Amino acid sequence: MISLRFVPVWRRNFLVWRKLAIPSVLGNFADPVIILLGLGYGLGSMLPEVGGVPYIAFFAAGTLCSATMNSATFETMYSAFSRMHVQRSWEAIMTAPLTLEDVVLAELVWAASKSFLAGLAILIVIWSLGLSHSWLSLWVLAVIPLIGLCFGALALIMTALASNYDFFMYYFTLVITPMTMLCGVFFPTDRLPQVFQAIASVLPLSHATSLVRPLLFGEVPGHAVLHLAVLAAYAACAACISLLILRRRLAS
Amino acid sequence: MTSVLSVRDLRKSYGAHEVVRGVSLTVERGQCFGLLGPNGAGKTTTLRLCLGLTEPDSGSIELAGEPVPQRARQARIRVGVVPQMDNLDPDFTARENLLVYGRYFGRTDRDIVERIPRLLEFAGLSGRGDSRIQALSGGMKRRLTLARALVNDPDVIFLDEPTSGLDPQARHLIWERLKQLLAQGKTILLTTHFMEEAERMCHRIGIMDQGRIISEGTPRALIEQHIEPEVVEVYGDGVDEWCRRAASDSASRVEQSGETVFCYSSDARPVLARLEAERNLRYLHRPANLEDVFLKLTGRELRD
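Chains as they are written, first to last, in this note's numbering: chain A, 1 to 252; chain B, 1001 to 1304.
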């Protein structure tokens, strides 16, 4: 099922991106940096250290994860929906010798690629602000694409179900925003009531922050294999579910 | 002659609605086959089934020597498709559209780039390679879509209503280009609801209605088989009264649609004689055409 036929579709998206690269890269840097500096220093100045590090260093790991998540989510929701429904690009691709599986794989790898840029931008900021000094932080570069793949696949389910762009607000309001609050982006999960800690522990973003934060602080993450496996499992299941729904949607 | 597309007893339902109800057809190499039918007849679904984009409930398809849908992907390597609605990439120039599309066929950039000038020339877009899609007219977009369908040098070209929404000039240009492709030995399968298009372009026509091919043959044979050779269309004040009084005993078959009476016969002279004295009526005497066949077979009521 998986073949390299997806590559020309990925290159198509890359060519479109290249034409809009400057504002896109600016967005990768500017938005999260403003939030990181604003909340990190502003809020951080009123807070004691969190888990033995300054608040901004704690928050930086969360920003990296949430920016990666948001980038992949936007790509497979709004952008993929445009390509599928509005511009009918998928339809054109599938009358060539490519299949829906190729298109879905291309969308997911592309979402992971774009989220890699978003995560890398934050990582560069983290390094240049001196918030991470460890060589272990290089491992974050390997984790970012997996986070992107996971959230890209989850959002693709929404795209498969959507009849218009407004539908995506449900996902942001009911899934992404609560997840950002629960999963250790702004504050440690152990500050939550037990029941919310339990919920957070099964959400993919928790596993992303559990991997990225220790790596930035120069520690080997505990249960690293478990966290990686959960992210990979979310990615694989969501990819299959979205493929099933898309197959039904596009057959008619 | 060898067949490029061979379809046997194809069926497809969506829910309780059977859209394709036992379609069989054969398209020979180098021929243009037209599926002619009103809206909702099942033409587009038949095309999608032949391309392997939709799975049939039953029936067999062989396209370019490959069984479909089992090996549809391999079959599509030899096929070019012009969809009903343009789906060119709006973010790209004309040239980029061709390049990006050619890559989907596994062609190298060098191979595609070498073909692009000829493709643009064929589409009459030689000077427009760097134009954005939004800057092209409807006719130009359709021609570019046709050029895109040729980027893989296909043996067979599928066109779903290729001239819908185009003005007469643009339509004639498309027809001329399709004739060039036939002259090069390409095989064409098109759907249309323009009689003129079917009559001009197609070697064979299948008239489709309610999921079935209800008649098939050359345009001339269909006319001879189904319709009296001469038609007199009569309209004007008092046409109803004239129809009752004179039409039925001077023509072999009479149809009325709104304000027009159609008199079909093998010899129109008796009808014309009965019209001579009628000052208020206007008429048109013409040979029977495919539209007459179409309307006789599929009825005159509106399809939506």
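Simulated from the structure, these hints should not be mistaken for laboratory data.
Errors might be hidden in some of the hints.
Covered stretches of chain B (in silico footprint by chain A; criterion: 3 or more residues with CB under 8 Å from a CB of chain A, positions within the stretch not fixed) [said to hold, decoys possible]: (1) 1049-1060; (2) 1181-1194; (3) 1225-1237; (4) 1256-1269.
Cβ-Cβ distance ranges computed for the label pairs, FRET-style [as the list claims (entries may be wrong)]: (5) Met181(A) - Ser1126(B): 56 to 64 Å; (6) Thr1108(B) - Thr177(A): 45 to 53 Å; (7) Leu47(A) - Asp1130(B): 19 to 27 Å; (8) Tyr1014(B) - Leu228(A): 36 to 44 Å; (9) Leu136(A) - Thr1108(B): 55 to 63 Å.
Simulated crosslink set (EDC-like; lysine to aspartate or glutamate; CA at most 20 Å straight-line) [claimed, not checked]: (10) Lys19(A) - Asp1130(B); (11) Lys1179(B) - Asp1209(B); (12) Lys1179(B) - Asp1167(B); (13) Lys1141(B) - Glu91(A); (14) Lys19(A) - Glu1176(B); (15) Lys1141(B) - Glu1176(B); (16) Lys1141(B) - Glu1066(B); (17) Lys1179(B) - Asp1155(B); (18) Lys1141(B) - Glu1161(B).
Note that the structure is a prediction, hence the values are computed from the model and not measured.
Yeah, the Cβ is synthetic: ideal placement off N, Cα and C, and Gly gets one too.
Is lysine 19(A) within 20 Å of aspartate 1130(B), Cα to Cα? 14 Å, holds
Given the hint of 45 to 53 Å, check if threonine 1108(B) and threonine 177(A) actually sit that far apart at their C-beta atoms. Given range 45 to 53 Å: holds, Cβ gap about 46 Å.
Decide if the proposed pair is consistent with the structure: lysine 19(A) and glutamate 1176(B), CA atoms, cutoff 20 Å inclusive. Since the Cα atoms of lysine 19(A) and glutamate 1176(B) sit roughly 36 Å apart, the hinted pair is violated (cutoff 20 Å).
In this structure, is the beta-carbon distance linking tyrosine 1014(B) and leucine 228(A) contained in 36 to 44 Å? 42 Å, holds
How does the coverage statement for the stretch 1181-1194 of chain B fare against chain A, requiring three or more residues with Cβ below 8 Å from a Cβ of that chain? As far as the stretch 1181-1194 of chain B goes, the hint is violated, because 0 residues have Cβ atoms under 8 Å from chain A.
Is 56 to 64 Å right for how far apart the beta carbons of methionine 181(A) and serine 1126(B) are? 58 Å, holds
Supplied distance hint 19 to 27 Å, evaluated on CB atoms of leucine 47(A) and aspartate 1130(B): Because 56 Å falls outside the window, the suggested range is violated.
Counting residues of the stretch 1256-1269 of chain B whose CB is closer than 8 Å to a CB in chain A, do you get three or more? Result for this restraint: violated, n = 0.
Straight-line alpha-carbon gap lysine 1179(B) to aspartate 1155(B), limit 20 Å: 14 Å, holds
Within 20 Å, alpha carbon to alpha carbon, are lysine 1141(B) and glutamate 91(A)? It holds: about 17 Å lies between the C-alpha atoms, which stays within 20 Å.
Need the status of pair lysine 1179(B), aspartate 1209(B): alpha-carbon distance at most 20 Å? 27 Å, violated
Next pair to validate is lysine 1141(B) with glutamate 1161(B); report whether the Cα-Cα distance is within 20 Å. Holds, at about 14 Å.
In this structure, the hints that do not hold are numbers 2, 3, 4, 7, 9, 11, 14 and 16, in rising order.
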